[in-house]
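J.: Protein chains in written order, with this note's numbering: chain S, 1 to 299; chain E, 1 to 281; chain U, 1 to 422.
Please note that a few of the clues may not be correct.
Mimicking DMTMM-like on lysine to aspartate or glutamate, the simulated pairs with C-alpha atoms at most 20 Å apart in a straight line are [unchecked claim]:
{"#": "1", "chain 1": "U", "residue 1": "Lys209", "chain 2": "U", "residue 2": "Asp403"}
{"#": "2", "chain 1": "S", "residue 1": "Lys12", "chain 2": "E", "residue 2": "Glu50"}
{"#": "3", "chain 1": "E", "residue 1": "Lys18", "chain 2": "S", "residue 2": "Glu196"}
{"#": "4", "chain 1": "S", "residue 1": "Lys14", "chain 2": "E", "residue 2": "Asp182"}
{"#": "5", "chain 1": "U", "residue 1": "Lys233", "chain 2": "S", "residue 2": "Glu196"}
{"#": "6", "chain 1": "S", "residue 1": "Lys53", "chain 2": "U", "residue 2": "Glu168"}
{"#": "7", "chain 1": "S", "residue 1": "Lys293", "chain 2": "E", "residue 2": "Asp182"}
{"#": "8", "chain 1": "E", "residue 1": "Lys18", "chain 2": "S", "residue 2": "Glu152"}
{"#": "9", "chain 1": "S", "residue 1": "Lys12", "chain 2": "E", "residue 2": "Glu274"}
{"#": "10", "chain 1": "S", "residue 1": "Lys51", "chain 2": "U", "residue 2": "Glu100"}
{"#": "11", "chain 1": "S", "residue 1": "Lys12", "chain 2": "E", "residue 2": "Asp109"}
{"#": "12", "chain 1": "U", "residue 1": "Lys220", "chain 2": "U", "residue 2": "Asp161"}
{"#": "13", "chain 1": "S", "residue 1": "Lys60", "chain 2": "U", "residue 2": "Glu168"}
{"#": "14", "chain 1": "S", "residue 1": "Lys14", "chain 2": "E", "residue 2": "Asp113"}
{"#": "15", "chain 1": "S", "residue 1": "Lys69", "chain 2": "U", "residue 2": "Glu414"}
Here are some chain E residues pointing at chain S (derived, C-beta under 10 Å) [claimed, not checked]:
{"#": "16", "residue": "Met137"}
{"#": "17", "residue": "Lys140"}
{"#": "18", "residue": "Pro153"}
{"#": "19", "residue": "Lys270"}
Using C-beta positions, here's what the derived DEER-type ranges look like [unchecked claim]:
{"#": "20", "chain 1": "S", "residue 1": "Leu110", "chain 2": "E", "residue 2": "Phe58", "range": "33 to 43 Å"}
{"#": "21", "chain 1": "S", "residue 1": "Val66", "chain 2": "E", "residue 2": "Met197", "range": "27 to 37 Å"}
{"#": "22", "chain 1": "E", "residue 1": "Val34", "chain 2": "S", "residue 2": "Thr162", "range": "19 to 29 Å"}
{"#": "23", "chain 1": "E", "residue 1": "Ala228", "chain 2": "U", "residue 2": "Ala276", "range": "33 to 43 Å"}
{"#": "24", "chain 1": "U", "residue 1": "Trp116", "chain 2": "S", "residue 2": "Leu144", "range": "36 to 46 Å"}
{"#": "25", "chain 1": "U", "residue 1": "Asp117", "chain 2": "E", "residue 2": "Lys140", "range": "23 to 33 Å"}
Hint data in this document are derived by calculation from the structure and do not stem from the laboratory.
In this text, all values refer to a predicted model and were calculated from it rather than measured experimentally.
Idealized CB from N, CA, C, for every residue including glycine.
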Amino acid sequence: MKKKKGFGLLAKQKAAGWGFLAPASILIFVMSFYPMVRAFITSLQTGPAAKLKWAEPLFKNYTRMVNDKVFLTSMGNTFLYLLIQVPIMLVLAILLAQLLNNKDLKFRGLFRTLIFLPCATALVSYSLIFKTLFATEGLVNSFLKGIGIISENINWLGQSGTAKAVIIIALLWRWTGYNMVFFLAGLQNIEYSVYEAANIDGASGWKTFWHITVPLLRPVIVMTGIMSINGTLQLFDESVNLTNGGPANSTITMSHYIYNNALGQGVANFGYASALSFIVFILVAILAFINLKVGDTRD
Amino acid sequence: MTKAATIRKPAVSHIQRKLIPSYIFLTIMSIMSVFPLYWMFTAATNTSLEVAQGKVWFGNYLAENYKNLIAQQNLWQAMGNSFFYAIVQTLATLLICSLAGYGFELYHDRGKDRLFAILLLAMMVPQVATLIPLFTMISKMKLLNSVLAFIIPGLATPFMIMMFRQNSRNFPMDTMEAARIDGLSEIGIFFRMYIPMMKATYAASAVIIFMNSWNAYMWPRTVMKGNAVQTMPMLIANMSNGYAVDYGMLMLGVLFCSLPTIIVFFVLQKQFAEGITGSVK
Amino acid sequence: MTKKIVALFIAMCLMLGIASAFAEKLTVTAWDANFNGNALQAAADDYKANVDPDFELEINIVSGSSDVENDITNAGSSGDYSLLSDIVLFQDRYIKNFVENYPDAWVSLEGADINWDDITAVKQSYSTIDGVHYGAPVDNGTAIMAYRVDLLEQAGYTIEDMKGITWEKFLEVGKAVYEKTGKALLSMDGSGNDLPYMMLQAEGVSLWKDGKPFIVGNEKLRRVVELLIEMEKEHVLILSNDWTGYTNETIMQDQVAGVLNGNWIIPTMTQVADNAGKWQITTMPTLDGGEGYATNGGSSLYITGNCKNVDLAKKFLAYTFGGSKETYDNALRTGGVVTCCISAGQSDVYSEGVPFFNNQPVYKDITEMGAKIIPVEESPFHYVLRGYLGVAMQQIKDGADIDAALEEAQTATEFYMEGMGY
């Protein structure tokens with residue numbers, strides 16, 4: 001009798017657990033996975049939105065990507081942002097967190113707040129701000145001219161190299177502080193005694209950092225890494241609002257190109273846009289998986 | 001304390017001296033972080049021409065910019081809408097995701113862990129891909145132009161569930177057992193014990209959800225049509241794309257759009273830091 | 001006391017509510033509050049004052065024509081038109097494609113009391129499908145070629161010298177102007193590439209031929225591109241990065257002595273009050289000499305399938321944008337919107353000299369120029385092609401081979417169309 005009751009309780013608890021997570025899980029299935037399945041079906045179709053028909057051959061939307069120069073450019077651009085911006089941002093964020101984690105440092109709260117603030121601005125707003133700052137007659141040029149680094153105004157957003165640089169700078173500006181907060185949190189979870197022990201052993205600052213801090217921060221690094229990879233591969237607003245993909249498509253991202261195909265020009269090609277977004281989905285999943293495997297050495 | 005302090009005094013100034021490079025670096029980073037925001041403030045007080053010419057000091061055109069802004073745009077209606085949607089979104093998402101995080105962590109078993117891993121995949125679904133199917137779905141539910149249309153896709157996000165799942169590890173099992181013995185139901189434990197104990201996590205999550213919701217643009221633009229339901233980012237986008245843009249007025253709009261999220265962060269920043277700390281344990 | 005006020009207030013609200021339930025109301029979606037918004041307001045006021053005092057027009061402003069076009073795409077693909085306003089404004093080139101793909105989404109203007117002979121030919125050519133009219137015209141995209149007379153003078157030229165010239169001559173004048181004043185004679189948004197399009201139209205040549213992109217083998221296009229690149233090298237032409245660079249830097253910061261664009265650019269020019277009286281307009285140059293006429297931009301109002309009161313919508317559009325002098329006069333005054341309705345362009349307001357343009361009656365001149373534009377072949381893929389042509393222009397500017405870059409634009413456009421089954 002008693003046993004039975006205990007079993008009943010356990011089953012009830014188990015059921016309660018499922019009940020708690022059910023609303024969120026169902027929502028994610030309906031709002032993310034189901035549309036993705038729909039998108040996959042659409043990716044096998046072709047024609048204008050209201051008259052979609054099966055592609056001939058079925059995977060035509062996938063095979064034709066290979067010949068799509070703009071898509072290949074957009075992929076190159078996106079990976080360039082990923083390879084340059086994400087490492088710089090994460091290293092900078094760890095460095096800032098490390099500096100701010102020093103108990104002897106004054107104004108820590110103030111520094112933390114100021115460096116985090118950029119990520120509170122809306123995407124629409126921050127693109128506008130950066131666009132005006134980096135205009136040919138804008139503030140950045142007058143500043144650089146003032147201190148004598150350049151003599152002629154640079155057309156930042158008009159040349160492919162500098163336009164990419166502006167996008168990277170804008171991304172660094174907005175997201176470094178955000179990631180720093182996560183690292184700072186991770187550092188605060190590390191027991192102070194670990195450092196004291198290292199100090200006693202006479203380890204230098206760098207050594208402590210590389211051999212103690214970084215390994216202990218690994219879970220946070222993996223998490224921010226996945227978030228950043230995901231965010232960068234789906235990069236959209238900066239490309240649209242800052243450079244509109246230009247000059248000559250040299251800054252266009254994959255999501256921006258997908259958007260141009262799906263909605264951007266009044267003559268939507270949903271089938272192709274869906275196929276492209278599936279490729280992005282697969283790329284993000286692969287990279288996140290690699291990140292997890294590299295970062296996770298526990299078991 | 002005083003004793004220790006007096007003994008350590010020379011050591012402290014030595015430490016501070018060693019920290020000078022840190023101070024310099026952090027100051028530079030802080031200035032670079034804040035400067036664009038400072039510029040947004042000054043731009044809102046200048047004329048369109050002065051903004052275009054990159055004037056860096058405050059002007060006296062603020063009143064005029066404000067007058068033009070409210071004459072041309074339904075500023076306060078858009079602010080009201082944005083507040084309403086963002087607050088509803090924040091409350092609803094907090095409830096649903098914290099319940100899920102609680103369920104996933106405190107009742108965890110193999111099946112639930114597997115399900116969670118699958119849900120994480122949703123983080124990687126590109127927004128552009130689901131836009132049209134979602135629109136079709138919401139329109140079939142007859143929800144277009146309603147607050148539900150605004151919030152539904154963001155109600156459950158893998159990131160928020162993860163945040164609560166991680167933080168739930170700090171929730172002591174003993175407390176739960178004790179509560180059960182006291183006769184509290186499972187849902188009762190959630191409302192009476194879990195929520196009060198996880199305040200910091202709720203605060204941190206609220207900051208993130210509120211910011212995302214306030215700043216959302218692409219989805220609201222797709223399902224919310226008309227002046228009555230317009231949000232702030234939509235209003236700014238509408239202002240910035242005319243044949244001739246008034247930059248001073250636009251920057252004032254940008255300022256109005258940025259202030260609430262900045263204020264929310266300032267008010268909740270202590271709890272925010274605490275909550276994030278719990279999530280990366 | 002307070003109770004009474006509250007009661008009164010409630011009563012008023014109720015009355016207003018009832019009144020609005022009976023009011024003749026329409027909704028419309030457009031972009032640019034100062035331009036299109038003011039034109040629509042002018043029309044609403046006109047209709048309310050002269051036809052129906054209960055009439056009400058709710059104007060929803062969105063961020064750009066692409067917003068309206070995306071709404072239609074969304075609505076069309078899901079079959080749910082309920083978010084569309086009764087009337088929408090969008091760029092003329094899309095309507096053919098939209099009617100073909102989403103026939104239920106539109107109501108034609110058949111039966112509306114509009115004298116179509118009074119609307120410029122080029123405007124009608126966009127929005128007429130198999131003889132059926134769909135669009136009620138709003139603004140006229142007629143291109144103006146404006147010059148700073150004072151700066152021309154410094155270089156030894158008058159505005160009369162600029163009439164009917166070749167682009168080679170324009171380049172020559174441009175060099176002299178740059179030398180004497182340091183200002184460019186022309187500027188353009190480098191990624192939008194409106195210039196090649198307008199310059200070709202003035203030649204009566206399209207970027208399309210038999211429904212296919214006509215870039216490779218288009219000799220006139222090649223000449224135009226070469227000319228533009230040459231102008232850019234000689235500081236005669238500034239190619240800005242984007243639209244705001246074009247308007248806010250080159251025009252508003254006074255870097256140019258000439259402007260060529262659709263006449264809706266005038267409100268941007270007049271923002272520089274210091275230059276009042278120094279500008280004048282004339283026709284644009286052509287490749288082999290002679291006065292050029294072109295159009296750029298311009299949009300029309302379309303009644304959607306979601307419209308609850310089609311008769312009212314037709315009556316409203318026919319009365320106002322169909323040719324009401326009062327609507328067009330006020331649209332011009334408050335928004336700077338120029339009509340493509342020939343008779344409305346002869347009103348007193350249109351014939352007035354404009355101080356900013358040295359008292360030239362520019363608006364009358366513009367409507368007259370508009371009547372002379374030759375329609376050329378159009379395509380729903382117009383903006384796709386223009387996007388790729390812009391890419392080619394930027395590549396050529398940076399030193400790429402002209403033919404290779406143009407061929408790439410042709411291939412890219414064909415690739416896009418092929419994906420859609422064309």
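J.: Does each hint hold? Answer for all of them.
T.: Each hint, compared with the structure:
no. : hint                            : verdict
1   : U:Lys209 / U:Asp403             : holds, 19 Å
2   : S:Lys12 / E:Glu50               : violated, 68 Å
3   : E:Lys18 / S:Glu196              : holds, 18 Å
4   : S:Lys14 / E:Asp182              : holds, 19 Å
5   : U:Lys233 / S:Glu196             : violated, 66 Å
6   : S:Lys53 / U:Glu168              : violated, 51 Å
7   : S:Lys293 / E:Asp182             : violated, 44 Å
8   : E:Lys18 / S:Glu152              : violated, 40 Å
9   : S:Lys12 / E:Glu274              : violated, 33 Å
10  : S:Lys51 / U:Glu100              : holds, 10 Å
11  : S:Lys12 / E:Asp109              : holds, 14 Å
12  : U:Lys220 / U:Asp161             : violated, 24 Å
13  : S:Lys60 / U:Glu168              : violated, 48 Å
14  : S:Lys14 / E:Asp113              : holds, 13 Å
15  : S:Lys69 / U:Glu414              : holds, 12 Å
16  : Met137                          : holds, 7 Å
17  : Lys140                          : violated, 12 Å
18  : Pro153                          : holds, 5 Å
19  : Lys270                          : holds, 8 Å
20  : S:Leu110 / E:Phe58: 33 to 43 Å  : violated, 23 Å
21  : S:Val66 / E:Met197: 27 to 37 Å  : violated, 55 Å
22  : E:Val34 / S:Thr162: 19 to 29 Å  : holds, 24 Å
23  : E:Ala228 / U:Ala276: 33 to 43 Å : holds, 40 Å
24  : U:Trp116 / S:Leu144: 36 to 46 Å : violated, 58 Å
25  : U:Asp117 / E:Lys140: 23 to 33 Å : violated, 46 Å
Checked against the numbered hints above, the structure breaks hints 2, 5, 6, 7, 8, 9, 12, 13, 17, 20, 21, 24, 25 and satisfies the rest.
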